[in-house]
Amino acid sequence: MILEKDNVQKCAAMTKIRLNAGEIDMYNKELKDLFRWVEELSQVDTSAVPETSIQHAAYLRPDTPVTNGPLAESLVTAFNEQEGHCAKVKKVL
Amino acid sequence: MLKTVFEIAQAVQNGTLTAVQAVTDSLQKIKELNTQINAFVEVWPEEALARAAEIDARRARGEKLGPLAGVPIGIKDNILYKGHKATCCSKMLANYVAPYNSTVVEKLLAADAVLVGRTNMDEFAMGSSNQTSVYGPAHNPVNFDRVPGGSSGGSAAAVAAGMVPAALGTDTGGSVRQPASFCGVVGIKPGYGRISRYGIVAFSSGADQVGVLASDVKGAALMLEVLCGRDVNDSTSLEAQVPAFSKNFTANICGLKVGMPKGFLDDLGEEVKVKILAAAEKLKSLGAELIDIEVPHAKYSAPCYYIITSAEASSNLARFDGIRYGYGDKTATNLNDYYEFSRAPFGPEVKKRIIIGATALKAENYEVCYLQALKVRELIKQDFAKAFEKVDVILTPTSPTTAFALGAHADNPLAVYLADLYTCQGNIGGLAGISVPCGTDKEGLPVGLQLYGPILQEEKILNAAYHFEKAL
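Protein chains in written order, with the numbering used here: chain B, 1 to 93; chain Y, 94 to 565.
The hints are simulated quantities; they were obtained by calculation from the structure and are not laboratory data. Certain hints may be false.
Dumping the calculated BS3-like pairs for lysine-lysine here, alpha-carbon to alpha-carbon at most 27 Å [stated by the list, open to error]: (1) B/Lys88 x Y/Lys184; (2) Y/Lys377 x B/Lys10; (3) B/Lys10 x Y/Lys366; (4) Y/Lys377 x B/Lys29; (5) Y/Lys184 x Y/Lys340; (6) Y/Lys535 x B/Lys90; (7) Y/Lys377 x Y/Lys366; (8) B/Lys91 x Y/Lys423.
Small disclaimer: the values here were computed from a predicted structure and weren't measured.
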């Protein structure tokens, strides 16, 4: 099953959406029904559809680990003062 | 009072009606009925009248007027019109003012149309009953206790109530055609890429398409003629000639091949089924040939649609983080709280679609869910391409039911999603689709006939719908 029991909360957190207890219950039920329905798609034989024929955007998936990129360290070291991984500045405007 | 786009434009062009009078009539109707119908969420009376007066002055000076001269038009609340609010009927964008014109607005203004206000819609175009709007639901003018459909429910209701002869909507899974069907007006969604999406608040970039709601087929054709065409600001818009849709109707539809998909009436309610079969017979009596076709994967369109569009929505709506766009919460004390508080104004349906999309895109689900949906979409497209080798247009109902009661299906959202089956095939397949009224049920609620055509062949469905409308 695509949606495990506690996943609604996890998926919502990935998208920066905070749910209250009532919403978690509601979405758990609704989304389970929906994904059960969507699982119909897995019955379709798509072996004849070549990967190259599908246009799909290279999404940054919501569960992709967030990194500061390759330049972060060199940027921070370029500042006069550092604290941990952060550059120290006089004032934040 | 003149009712259609064509009648008004012609009368203003030849001087038998002033643009000011046309707009005054429209504003009067809105004033009379909007309290009950809630089709418009904002009206711009002074501005509309001033623009109408300018159009009249230009005519008086002997200037040639545009094809939509003096025609009052409503625009859906997700279409940018510079200096005007565009809220997507969401608290998230409650104070958002468009900083530039969408291409469709530019084209309407260049054609001398008069924009009279923004119309109600489901929040961020997610819904098919107009009940998720932060402004409250629009009501169906045929029966105020019924929904007008959605998401372009306000636009359909405005046209059906005679407030405007045409309005713009957007259609991601049927959001122009289904409300057209529920309200008894014409709704057309051209093929994907026909009309620029520049300046439309994105829901699902691979399926969103601007469409037209109008009081008759000829008016919809004229509007389409103005709106279609390549736009350098939208890389998905198509480089293709735009035919004079409103002038190219043929003398008859003898020999038109109408595809009847196998099994497409199986799960339909009796009343809608009777009307659709009668519509098919009417087309036959006009000289069309009814041909059985098979589109075996079309039945998977709805689940396919909900995965693909929700995935795109979860990505598109990430921009509403309170920093770049949307509501910024000042009470948060750390970044995560800031994001979460700032995204709290999304309504339940929008939150749900974002969560569906994020779930489908998660690493462990990506292949079985998202990629599988894309592959099934490819099979659906192939089915339609094959069918269009045999037929000119494909006939289906627009919706399996007529307009349902406000508040119905609240405890069964899946039933509402399933009802999109006939319309979302068009978005998944990238087809052109039109809904045209084909009668009413026992309660007097309109039933819509849908005709599909291949991309860049909108003329075929407009022509068939035009002759059907005349004969009904």
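Evaluated hints:
{"no.": "1", "hint": "B/Lys88 x Y/Lys184", "verdict": "violated, 38 Å"}
{"no.": "2", "hint": "Y/Lys377 x B/Lys10", "verdict": "violated, 55 Å"}
{"no.": "3", "hint": "B/Lys10 x Y/Lys366", "verdict": "violated, 44 Å"}
{"no.": "4", "hint": "Y/Lys377 x B/Lys29", "verdict": "violated, 46 Å"}
{"no.": "5", "hint": "Y/Lys184 x Y/Lys340", "verdict": "violated, 43 Å"}
{"no.": "6", "hint": "Y/Lys535 x B/Lys90", "verdict": "violated, 75 Å"}
{"no.": "7", "hint": "Y/Lys377 x Y/Lys366", "verdict": "holds, 17 Å"}
{"no.": "8", "hint": "B/Lys91 x Y/Lys423", "verdict": "holds, 20 Å"}
Hints 1, 2, 3, 4, 5, 6 from the list above are not met by this structure, while the remaining hints are.
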